[in-house]
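Place chain P on chain W using the hints.
2 protein chains.
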Amino acid sequence: MCQLLGMNANTPTDVMFSFAGLSARAEEHKDGFGVAFFEDRGLRLFVDSASARQSPVAELIRRWPIRSEHVIAHIRKATQGQVALRNTHPFMRELWGRYWVFAHNGHLEGFSPRLHAAFRPVGDTDSERAFCWLLQELAKAHADVPAVEELGRTLRELLPQLAAHGTFNMLLSDGRALWAHASTRLWSLQRAHPFGAATLADEDLTVDFAPLTTPQDRVCIVATEPLTQGEAWSAFAAGELRMFQGGRQLPRT
Amino acid sequence: MCQLLGMNANTPTDVMFSFAGLSARAEEHKDGFGVAFFEDRGLRLFVDSASARQSPVAELIRRWPIRSEHVIAHIRKATQGQVALRNTHPFMRELWGRYWVFAHNGHLEGFSPRLHAAFRPVGDTDSERAFCWLLQELAKAHADVPAVEELGRTLRELLPQLAAHGTFNMLLSDGRALWAHASTRLWSLQRAHPFGAATLADEDLTVDFAPLTTPQDRVCIVATEPLTQGEAWSAFAAGELRMFQGGRQLPRT
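Protein chains in written order, with this note's numbering: chain W, 264 to 516; chain P, 264 to 516.
Excised from the complex, chain W in its bound form:
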């Protein structure tokens, strides 16, 4: 199964610790990986069809503290589409003058929607097809970029149509917020004052966040499986959409 990682913070934060945890799982998910870091409306998107264990790009990300308020990462285990750069998540498109980044875990059966608008897949995955359909439907529903909660309401109408085709755990961001939907498996966690230490579940690595943070910092992490031991990870319900902005989970409206 692919692994997802999302991060939303109220201050630019690096994901070196979480990415180390994620890429520790790359042994069995060696079909490429990608990480998208927003910087305001701008975007750095790193993708590689090599394993996150060996890739020089992954090495760069583990060592270089790229700070961002919105991060989406994905480690791939190919189920549909060959191992190739064009099939590597996260995918990126522009809509309403903003970049949109999407990563998916799961598998959709018999999903061949009519793509009649401006978004067409470059690769061969069900995931990119779902992303193109989602943007097409969002563009139909809103003439210009809607507020975060408003977009959440539209997603709540659209996502069940995708999830009806199989497993649809996904992360979506436009650099304002992080939308996370689980159909089978997704967990989230908030770290805030008072910060403590956390130990990766898969690697012998502990970080004490207290000296690295200020009392105002808040960060939410979303992942396929809890990345750490001893922190209060919260499981998504089936079909649940969570929205994160400013390092906080937004209340459902």
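Since the hints were derived computationally from the structure, they do not count as laboratory data. Each hint should be verified, as a subset may be incorrect.
Since the list gives no way to pick out one identical chain from another, each pair is judged satisfied if it fits inside one copy or across any two copies.
In the DMTMM-like style, the derived pairs of lysine to aspartate or glutamate whose C-alpha atoms are separated by at most 25 angstroms in a straight line are [said to hold, decoys possible]: (1) Lys340 - Asp303; (2) Lys293 - Asp277; (3) Lys293 - Asp467; (4) Lys293 - Asp303; (5) Lys340 - Asp467; (6) Lys403 - Asp277; (7) Lys293 - Glu400; (8) Lys403 - Glu413; (9) Lys293 - Asp387; (10) Lys340 - Glu466; (11) Lys340 - Glu420; (12) Lys403 - Asp480; (13) Lys340 - Glu412; (14) Lys340 - Asp465.
Okay, now just chain P, sitting in the frame of chain W:
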């Protein structure tokens, strides 16, 4: 002035040598840089708003032989739009199920076209505006992806409309070919059998391509200024569009 670098080859080729030459010029062009590498229809796009002299991403590109048949690189000296990731070339969009990559050198005055289609700028540059307009007009002219020469004919109609607003030297690729247009300054070069040695114009670095190549290899390089000494660089005429495919310049049709 910004610096452009394009590469088109008939076999996956790295640009470490040329990128070293380009980034030697980054001292006076310290407002960010970017490099796009196609891998079939897939794309690696590295951008940084730091100087190519200091950026860890540039360091990665100088050291890691990423092989590609189509490369577009850009080193920025900001004239319009602040120094920020969203303003860093090359820009990327999807059209007809292919990624399109664009980089521009120059400055357009009073260019505010009506952008009524699916392509809108994320940043604040005249360059990204020009790219969005170009894709909008290409999408109107062709229902699906046209042949390389056919697209060249459409570009020959569209590009003068951009160049009328100022300086418009640009590189464009979709992973099949490289289109290069000069309004003031662009040079190209073909390297083919028998390969010899080349010395960078700006750095004390010489590479002998002979042991690194086969007699079948062909590569074309396009750059704002000749990157090497003692090779047969050919200057573009004002308003000239050159098309490169398979490491060859295509004849004008």
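Here is what the structure says about each hint:
1. In the homo-oligomer, the alpha carbons of Lys340 and Asp303 lie at most 25 angstroms apart only across protomers (20 angstroms), although the nearest pairing inside one protomer, at 30 angstroms, exceeds that limit.
2. In the homo-oligomer, the alpha carbons of Lys293 and Asp277 lie at most 25 angstroms apart both inside one protomer (23 angstroms) and across protomers (24 angstroms), since each shortest distance falls under that limit.
3. In this assembly of identical chains, the alpha carbons of Lys293 and Asp467 lie at most 25 angstroms apart only when taken from the same copy (21 angstroms versus 40 angstroms across copies).
4. Taking CA atoms no more than 25 angstroms apart as the test, Lys293 paired with Asp303 passes between copies only; the shortest distance there is 20 angstroms, against 31 angstroms inside one copy.
5. When the C-alpha separation of Lys340 and Asp467 is checked against a cutoff of 25 angstroms, the pair qualifies only within one copy, where the shortest distance is 24 angstroms, while the shortest distance between copies is 44 angstroms.
6. Taking identical chains as interchangeable, the C-alpha atoms of Lys403 and Asp277 are never at most 25 angstroms apart, the minima being 35 angstroms within one chain and 42 angstroms between chains.
7. In this homomeric assembly, Lys293 and Glu400 never come within 25 angstroms of each other (Cα to Cα): the closest approach is 32 angstroms inside a single copy and 40 angstroms across copies.
8. Taking CA atoms no more than 25 angstroms apart as the test, Lys403 paired with Glu413 passes inside one copy only; the shortest distance there is 14 angstroms, against 32 angstroms between copies.
9. In this homomeric assembly, Lys293 and Asp387 come within 25 angstroms of each other (Cα to Cα) only inside a single copy, at 18 angstroms, whereas the closest approach across copies is 38 angstroms.
10. For a Cα distance limit of 25 angstroms, the shortest separation of Lys340 from Glu466 inside one copy, 20 angstroms, qualifies, whereas the shortest one across copies, 43 angstroms, does not.
11. When the C-alpha separation of Lys340 and Glu420 is checked against a cutoff of 25 angstroms, the pair qualifies neither within a copy, at 29 angstroms, nor between copies, at 45 angstroms.
12. For the homomeric pair Lys403 and Asp480, neither the shortest alpha-carbon distance inside one copy (37 angstroms) nor that between copies (48 angstroms) is at most 25 angstroms.
13. In the homo-oligomer, the alpha carbons of Lys340 and Glu412 never lie at most 25 angstroms apart, since the shortest distance is 32 angstroms inside one protomer and 38 angstroms across protomers.
14. For a Cα distance limit of 25 angstroms, the shortest separation of Lys340 from Asp465 inside one copy, 18 angstroms, qualifies, whereas the shortest one across copies, 44 angstroms, does not.
Checked against the numbered hints given earlier, this structure breaks hints 6, 7, 11, 12 and 13; the rest are met.
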